[in-house]
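S.K.: Each chain is listed here by its residues.
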Amino acid sequence: MQKYSIFNLVKNAFSNHENWDLAWKDPTPKEEYDVVIIGGGGHGLATAYYLAKEHNITKVAIIEKGWIGGGNVGRNTTIIRSNYMHDENALFSEFGMDLWRKMSQDLNYNVMFSPRGIINLAHSDAQMNTYARRGNSMRLNGIDAVLLNREQVKEIIPMADFSENVRFPIFGGLMQPSAGTARHDAVAWGYARQADSMGVDIIQNCEVTGFDVIAGKINGIRTSRGNIKTKKVGLCVAGSTNILAEKLNMTLPIETHLLQACVSEPVKPILDRVVTFGAGHFYISQSDKGEMVMGGDLDGYNSYAQRGNLPTLQHVLTEGIAMMPFLSKLKMLRTWGGIMDMSMDGSPIIDKTHIDGLYLNCGWCYGGFKATPASGWTFAHTIAQDRVHELNAGFSLNRFSTGHLIDEKGLGTKTWIS
Amino acid sequence: MLHIKCPHCGMRSQNEFSYGGDASIKRPQLNKEISDEEWDNFVYNRKSLRGKHLELWQHLSGCRQWIKVERDTATHEIFNTYKADEEIT
Numbered sequence: 001m002q003k004y005s006i007f008n009l010v011k012n013a014f015s016n017h018e019n020w021d022l023a024w025k026d027p028t029p030k031e032e033y034d035v036v037i038i039g040g041g042g043h044g045l046a047t048a049y050y051l052a053k054e055h056n057i058t059k060v061a062i063i064e065k066g067w068i069g070g071g072n073v074g075r076n077t078t079i080i081r082s083n084y085m086h087d088e089n090a091l092f093s094e095f096g097m098d099l100w101r102k103m104s105q106d107l108n109y110n111v112m113f114s115p116r117g118i119i120n121l122a123h124s125d126a127q128m129n130t131y132a133r134r135g136n137s138m139r140l141n142g143i144d145a146v147l148l149n150r151e152q153v154k155e156i157i158p159m160a161d162f163s164e165n166v167r168f169p170i171f172g173g174l175m176q177p178s179a180g181t182a183r184h185d186a187v188a189w190g191y192a193r194q195a196d197s198m199g200v201d202i203i204q205n206c207e208v209t210g211f212d213v214i215a216g217k218i219n220g221i222r223t224s225r226g227n228i229k230t231k232k233v234g235l236c237v238a239g240s241t242n243i244l245a246e247k248l249n250m251t252l253p254i255e256t257h258l259l260q261a262c263v264s265e266p267v268k269p270i271l272d273r274v275v276t277f278g279a280g281h282f283y284i285s286q287s288d289k290g291e292m293v294m295g296g297d298l299d300g301y302n303s304y305a306q307r308g309n310l311p312t313l314q315h316v317l318t319e320g321i322a323m324m325p326f327l328s329k330l331k332m333l334r335t336w337g338g339i340m341d342m343s344m345d346g347s348p349i350i351d352k353t354h355i356d357g358l359y360l361n362c363g364w365c366y367g368g369f370k371a372t373p374a375s376g377w378t379f380a381h382t383i384a385q386d387r388v389h390e391l392n393a394g395f396s397l398n399r400f401s402t403g404h405l406i407d408e409k410g411l412g413t414k415t416w417i418s
Numbered sequence: 001m002l003h004i005k006c007p008h009c010g011m012r013s014q015n016e017f018s019y020g021g022d023a024s025i026k027r028p029q030l031n032k033e034i035s036d037e038e039w040d041n042f043v044y045n046r047k048s049l050r051g052k053h054l055e056l057w058q059h060l061s062g063c064r065q066w067i068k069v070e071r072d073t074a075t076h077e078i079f080n081t082y083k084a085d086e087e088i089t
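Those protein sequences? They're chains E and Y, same order as listed.
Reading the first sequence from the start, the letters are residues 1 to 418 in my numbering.
Reading the second sequence from the start, the letters are residues 1 to 89 in my numbering.
The shape of chain E in the complex, shown without the other chains (with noise of 0.2 angstroms):
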């Protein structure tokens, strides 16, 4: 594989960049794989390139119905962070940050990794007081955490309201200072071009229509494009998790559910950090591009739709003029909608089934896109040595039998309530 580097940039220079190696084939599907990992996106592209650069197992395909990228990875507002309280996703998380940290030389792919801080705002002397402790708590997992009071918030974000009659003052913000954003596009084809480089088969286009389970175990899948065989089938599907388990008579602690996120037309650097609103749910950066990149709510109801509503965005974005008065004056450019694995608690699954060789990984609600990295890598792990690690060992799935459940906001089991 050719290295992406100054010298082969200056070199292909002189042939008008004609003559650059594909990033990736496109195979036709062999007859068996050791592995078959199902999901093109970025905990699939990158479960790949973590079992054949971790594991040395390159008999590998992922299988995606539409093409790599298209999903979820290509449709988050790219937010990285680990600014959790449990030790489970805190751990997890902040194992994830290192990987991160490093992913543009490890991937020889600049992923743009901008580790510009977060800052989640506080409108009440109670949330200070739970922002002080859930900092506390990252403290002592390792993780950056700084206590800001209003003055402080004010000085790094002052476009935002600070106003005394507002509904919900600013009354400080709890800030992770390592976290920051990436980009995502970057982030598949980095994983997509190494995993092909070392031997996986990337095959697009090729929808899984069933799965072929005897005595147990898993013996292979039948696509569209033929059936393989394979002891092994690693679930990454996010939203569409539901409609492969249906094929497994299984049912699983997931709903799909759909977020929108949006951009308004590009301005000049305003705001260089992402803040979130904490009297809703409202997050915004501003990419490099200068588009302000914003989120929030779920659209409330179960959906396939990868499209969203317009009640929802408009009661999202409310919550950003709220807070930052400067964005009624923005046109929005685009928005769209991605499909979201809303587990019953909140916090992922990446485990074994009661089907032997088909591991799951799922449950990722709104925050999939940061754990990519560790995701892929845990997985990879628990595919390669039948056994899950420390790192994903909390992240079970009958953890919501025996009550071992991981909620990190206290919702409960009513996943649409964000």
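Be a bit skeptical, because a hint or two may be false.
As the list claims (entries may be wrong) - Result set (DMTMM-like, lysine to aspartate or glutamate): computed pairs, CA atoms no more than 25 angstroms apart in a straight line: (1) K59/E x E155/E; (2) K409/E x D87/E; (3) K217/E x E77/Y; (4) K247/E x E37/Y; (5) K47/Y x D351/E; (6) K47/Y x E207/E; (7) K414/E x E38/Y.
Claimed, not checked - So the derived label-pair ranges between C-beta atoms look like this: (8) K217/E x E86/Y: 53 to 61 angstroms; (9) E87/Y x R167/E: 55 to 63 angstroms; (10) E86/Y x K102/E: 57 to 65 angstroms; (11) M11/Y x T318/E: 50 to 58 angstroms; (12) C9/Y x I321/E: 27 to 35 angstroms; (13) N80/Y x N149/E: 37 to 45 angstroms; (14) G70/E x M11/Y: 56 to 64 angstroms.
What the hints assert, rightly or not - Selected chain Y positions facing chain E (in silico; Cβ < 7 angstroms): (15) N15; (16) E33; (17) I34; (18) D36; (19) N45; (20) R46; (21) K47; (22) T73; (23) A74; (24) F79.
Just so you know, the hints here were simulated from the structure itself, not pulled from any lab data.
Quick caveat: nothing in here was measured; it's all calculated off a predicted structure.
Note that CB positions come from ideal geometry on N, CA and C, so glycine has one too.
Position chain Y against the provided structure of chain E, taking the given hints into account.
M.R.: Chain Y in isolation, oriented as in the chain E frame:
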């Protein structure tokens, strides 16, 4: 914008309603000895169908009644709405 026909009040905008989830889930009978699996199926496990989905909504900013709505989760087409206690055949 969804338009939901409340069986009590008629056609109203989605803004008047709040969602209540899968309406096909039945609570296990009171005082009946049940397995953990049956309880999990009631509390946590969901089919989350793509296509026709029977779900609960509450006409919160209207008559405040809970109703059942049969809606397509991919196209958002609403086929029918029912009173909460109405038997659906």
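S.K.: Determine for every hint whether it applies to the structure shown.
M.R.: Going down the list of hints, with the structure as the test:
For the suggested pair K59/E and E155/E, the alpha carbons sit about 53 angstroms apart, so the restraint of at most 25 angstroms is broken. Between K409/E and D87/E, the direct Cα distance comes to roughly 14 angstroms. Compliance with the 25 angstroms bound is thereby established for this hinted pair. Between the alpha carbons of K217/E and E77/Y the distance comes to roughly 39 angstroms, so the proposed pair goes past 25 angstroms and is violated. Of the supplied pair hints, the one linking K247/E and E37/Y holds, its CA atoms being roughly 20 angstroms apart against a limit of 25 angstroms.
For the suggested pair K47/Y and D351/E, the alpha carbons sit about 19 angstroms apart, so the restraint of at most 25 angstroms is met. Only pairs whose Cα atoms come within 25 angstroms are accepted, and K47/Y paired with E207/E is accepted, the gap being roughly 20 angstroms. Taken as a hint, the K414/E and E38/Y pair is honoured in the structure, with Cα atoms around 19 angstroms apart against an allowance of 25 angstroms. Take K217/E and E86/Y: their Cβ atoms lie about 45 angstroms apart, and the range 53 to 61 angstroms is violated.
For the pair E87/Y and R167/E, the supplied restraint of 55 to 63 angstroms is violated, since their beta-carbon distance comes to about 45 angstroms. Between E86/Y and K102/E the beta carbon distance is about 59 angstroms. The supplied range of 57 to 65 angstroms therefore holds. Between M11/Y and T318/E the C-beta distance comes to about 25 angstroms, which lies outside the given range of 50 to 58 angstroms. In this structure, C9/Y and I321/E meet the distance hint of 27 to 35 angstroms, their C-beta atoms being roughly 32 angstroms apart.
Taking the beta carbon of each, N80/Y and N149/E are about 54 angstroms apart, not inside 37 to 45 angstroms as hinted. A hinted range of 56 to 64 angstroms is violated for the C-beta pair G70/E and M11/Y, which are about 36 angstroms apart. Below 7 angstroms, beta-carbon pairs count as interface contacts, and N15/Y has one with chain E at about 6 angstroms; its hint therefore holds. Interface restraint check for E33/Y: the shortest CB-CB distance to chain E comes to about 17 angstroms, outside 7 angstroms, so the restraint is violated.
The criterion of a C-beta within 7 angstroms of any C-beta in chain E is not met by I34/Y, whose closest approach is roughly 13 angstroms, and the hint is violated. A least Cβ separation of about 5 angstroms between D36/Y and chain E falls short of the 7 angstroms threshold, and the interface hint therefore holds. Proximity of N45/Y to chain E holds as hinted, the smallest CB-CB distance being about 4 angstroms (cut-off 7 angstroms). Among the interface hints, the one on R46/Y holds; its C-beta lies about 5 angstroms from the nearest C-beta in chain E, closer than the 7 angstroms criterion.
Given the 7 angstroms rule on beta carbons, the hint for K47/Y holds: about 6 angstroms separates it from the nearest Cβ of chain E. The interface hint given for T73/Y is met, as the beta carbon of that residue sits about 5 angstroms from the closest beta carbon of chain E, less than 7 angstroms. Against a cut-off of 7 angstroms between C-beta atoms, the interface hint on A74/Y holds, since the closest Cβ of chain E lies about 5 angstroms away. Interface hint status for F79/Y: violated, as the beta-carbon distance to the closest one in chain E is roughly 15 angstroms, over 7 angstroms.
Of the numbered hints given earlier, the model fails hints 1, 3, 8, 9, 11, 13, 14, 16, 17 and 24; all others are met.
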